[in-house]
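Chains as they are written, first to last, in numbering that gives the first Met the number 0: chain A, 0 to 266; chain B, 0 to 319.
These aren't lab readings, by the way, just hints derived from the structure by calculation. Any given hint might turn out to be false.
Unchecked claim - List of simulated lysine-lysine pairs, DSS-like, C-alpha gap at most 30 Å:
(1) B/K31 to A/K254
(2) A/K152 to A/K258
(3) B/K310 to A/K258
(4) A/K254 to B/K124
(5) A/K254 to A/K152
(6) A/K2 to A/K258
(7) A/K258 to B/K124
(8) A/K2 to B/K124
(9) A/K182 to B/K310
(10) B/K31 to A/K175
(11) A/K182 to B/K124
Said to hold, decoys possible - Far from chain B by the CB rule (all over 10 Å, computed), these chain A residues:
(12) A23
(13) P44
(14) Y50
(15) V56
(16) A161
(17) K182
What the hints assert, rightly or not - DEER-style ranges, computed between Cβ atoms:
(18) A/M63 to B/G129: 28 to 36 Å
(19) B/I128 to A/T183: 18 to 26 Å
(20) A/I67 to B/L304: 34 to 42 Å
(21) A/V164 to B/G127: 50 to 58 Å
(22) B/L303 to A/N128: 31 to 39 Å
(23) B/G265 to A/T183: 40 to 48 Å
(24) B/W87 to A/Q171: 56 to 64 Å
(25) B/G223 to A/E32: 50 to 58 Å
All residues carry an ideal CB built from backbone N, CA and C; glycine is no exception.
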Amino acid sequence: MRKSLLYTLLTISALVMFFPILYAFSVSFMTSEDIANRQIVPTNPTLANYYDVLQSVPILHYLMNSFIVASTATLGMLIVSSLAAFIFAFIPFRGRQAVFLLFISTLLIPWEATMIPNFLTIQSLGWMNNYLALTVPFFALAFGTFLLRQHFKTVPMELYEASRVEGLSHFQFFYKVVVPYAKTSFVTLGIFGFLTTWNMYLWPLLVTTNDTVRTVQIGLRRLQADEVATNWGLVMAGVILVIVPTLILLAAGQKQLQKGLTKGAVK
Amino acid sequence: MKQAEELPRRVETVDEAVKRYRIPSSRSFWQKTVNYRTALLYLLPSLLLFGVFMFYPMFYSLYLSFFFTDAQGDPTTFVGFENYAYLWESASFRRSVLVTIIFVLLTVPASVILALFLALLANEKLRGIGWYRTIFASTLGMSVAASAVIWLFMFHPTTGVLNAALQALQLPAVSWLQDSTMALISISITTIWMNTGFSFLILLGGLQNIDEHLYESARIDGAGYFYQLRRITVPMLSPTLFFIITITFINAFQSFGQVDILTGGGPAEATNLIIYSIYREAFIYYQFGPASAMAIVLFAAVLLLTLLQFKFGERKVHYQ
Chain A
0 MRKSLLYTLL TISALVMFFP ILYAFSVSFM TSEDIANRQI VPTNPTLANY YDVLQSVPIL
60 HYLMNSFIVA STATLGMLIV SSLAAFIFAF IPFRGRQAVF LLFISTLLIP WEATMIPNFL
120 TIQSLGWMNN YLALTVPFFA LAFGTFLLRQ HFKTVPMELY EASRVEGLSH FQFFYKVVVP
180 YAKTSFVTLG IFGFLTTWNM YLWPLLVTTN DTVRTVQIGL RRLQADEVAT NWGLVMAGVI
240 LVIVPTLILL AAGQKQLQKG LTKGAVK
Chain B
0 MKQAEELPRR VETVDEAVKR YRIPSSRSFW QKTVNYRTAL LYLLPSLLLF GVFMFYPMFY
60 SLYLSFFFTD AQGDPTTFVG FENYAYLWES ASFRRSVLVT IIFVLLTVPA SVILALFLAL
120 LANEKLRGIG WYRTIFASTL GMSVAASAVI WLFMFHPTTG VLNAALQALQ LPAVSWLQDS
180 TMALISISIT TIWMNTGFSF LILLGGLQNI DEHLYESARI DGAGYFYQLR RITVPMLSPT
240 LFFIITITFI NAFQSFGQVD ILTGGGPAEA TNLIIYSIYR EAFIYYQFGP ASAMAIVLFA
300 AVLLLTLLQF KFGERKVHYQ
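Could you build the full structure based on these sequences and the hints that come with them?
Printed below as a string of structure tokens:
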């Protein structure tokens with residue numbers, strides 16, 4: 000009794016929550032007659048929309064840009080954050096607490112409050128329409144530093160001492176012991192970083208003025224503005240191409256992400 | 000001579016004794032500062048980037064907010080608080096603040112309650128629960144651009160599926176994005192949907208961390224589902240809930256993409272959320288001075304709200 004009630008609630012919720020995504024998927028295979036008739040399922044499924052979207056905008060180029068940007072930003076984030084986290088977990092020095100507070104204080108600065116000077120900085124560095132503008136500012140991340148530090152702190156002190164006795168340098172200890180030990184936190188932060196940078200919207204809108212490094216999110220905006228009046232099927236085909244990579248990543252890494260983020264959030 | 004030797008010796012001070020008995024350190028200054036040098040080296044990338052892209056721009060925003068600028072964003076004339084006075088006078092800015100507050104009230108409680116509801120459902124141990132969890136978390140993988148474009152189509156007055164559904168139920172069609180009251184609600188619905196994935200995932204993690212034994216003993220005592228929910232789940236989950244509320248709050252203040260795609264701030268500025276108005280002021284009208292003043296107001300508001308939440312929220316939170 001209780002079980003069937005739960006399944007009913009779960010199924011209804013799942014249908015409601017997933018409906019927009021399923022619907023977009025369905026529309027992407029529809030002919031324009033189906034769309035005009037407000038069909039839910041395509042009566043005559045066609046791949047024409049996918050073919051057309053690849054012809055009308057350089058969507059593969061945008062996808063490639065997004066891949067480059069999201070992977071570079073994620074890798075940079077992992078390296079920069081883990082270096083800082085290593086210090087906060089293992090290397091005591093006078094004033095460390097103050098530096099740590101400085102890191103915390105960045106959480107209080109909404110990114111949008113700094114976007115005007117950042118935009119001017121990017122212009123004066125000559126980084127407009129350059130991958131650097133889309134990646135470098137996101138390398139340092141207080142959240143990532145905390146998440147990794149929490150995990151680093153669980154490395155047994157004996158391992159640290161043993162590594163000193165063995166004559167390992169700090170850096171050798173870092174990449175031979177600490178990084179493998181905290182692998183799961185790196186995966187969590189990696190998935191999180193990739194999702195957030197892949198989905199960035201406002202910043203790429205500001206620092207890209209042509210197609211060279213424009214990411215797929217901004218491509219979608221352009222596609223929507225150009226084609227909305229005429230061809231919804233084509234726009235939805237574009238949407239599906241954009242969301243498939245992150246949905247797959249999320250489905251694969253969901254458990255990991257849930258465990259890792261909860262740890263970082265609460266402890 | 001002998002007498003002189005017998006004169007009482009001057010008493011040695013502690014410092015002198017320490018100096019006399021200390022074994023000369025084999026560690027040089029270079030070795031003693033090894034931790035400082037390591038720390039500096041490893042922290043340098045973070046500190047440099049925070050400096051250039053966080054702290055410097057924060058102060059530069061403040062600086063710019065006291066100036067008129069040219070179209071390149073270079074300050075030209077110092078005007079004191081005139082930009083702030085301009086904002087205070089501006090009906091458009093006041094509207095924007097009001098709209099943002101309403102938007103926050105519409106989205107934050109609804110997002111958190113919906114996510115909590117889904118997390119409670121998905122925390123049950125049932126066959127196939129993994130699939131439901133993946134579906135509930137799916138909006139975390141949805142970008143704001145993709146989500147907004149899908150909802151734009153669903154809100155479409157004639158071909159949209161929402162009005163089709165209303166028509167099937169014999170209800171009148173709604174102007175989802177064309178009516179100024181409805182537009183803000185429509186944007187809120189989109190935002191709540193987008194927020195759910197992340198909040199759900201975090202809350203589910205929080206639920207799974209609660210000790211099973213608490214429920215077992217409650218069941219033995221004959222406590223019902225809602226009693227357990229009120230007395231065990233919510234208190235034990237409160238740190239996670241508190242975290243999610245804070246994050247959702249800050250996210251709501253920073254919403255931009257859905258406004259840009261769904262309404263462009265309209266109709267009649269009814270959905271001109273604060274970030275959108277900063278964007279318009281700075282990057283469409285090139286008014287960097289007033290835009291910076293808005294950014295400072297936003298910063299102050301977020302700071303104040305975060306501190307208030309920590310001051311009052313922390314007390315009600317139960318930590319294990």
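Violations among the numbered hints, reported as their numbers in ascending order: The structure breaks hints 1, 9, 12; every other hint is satisfied.
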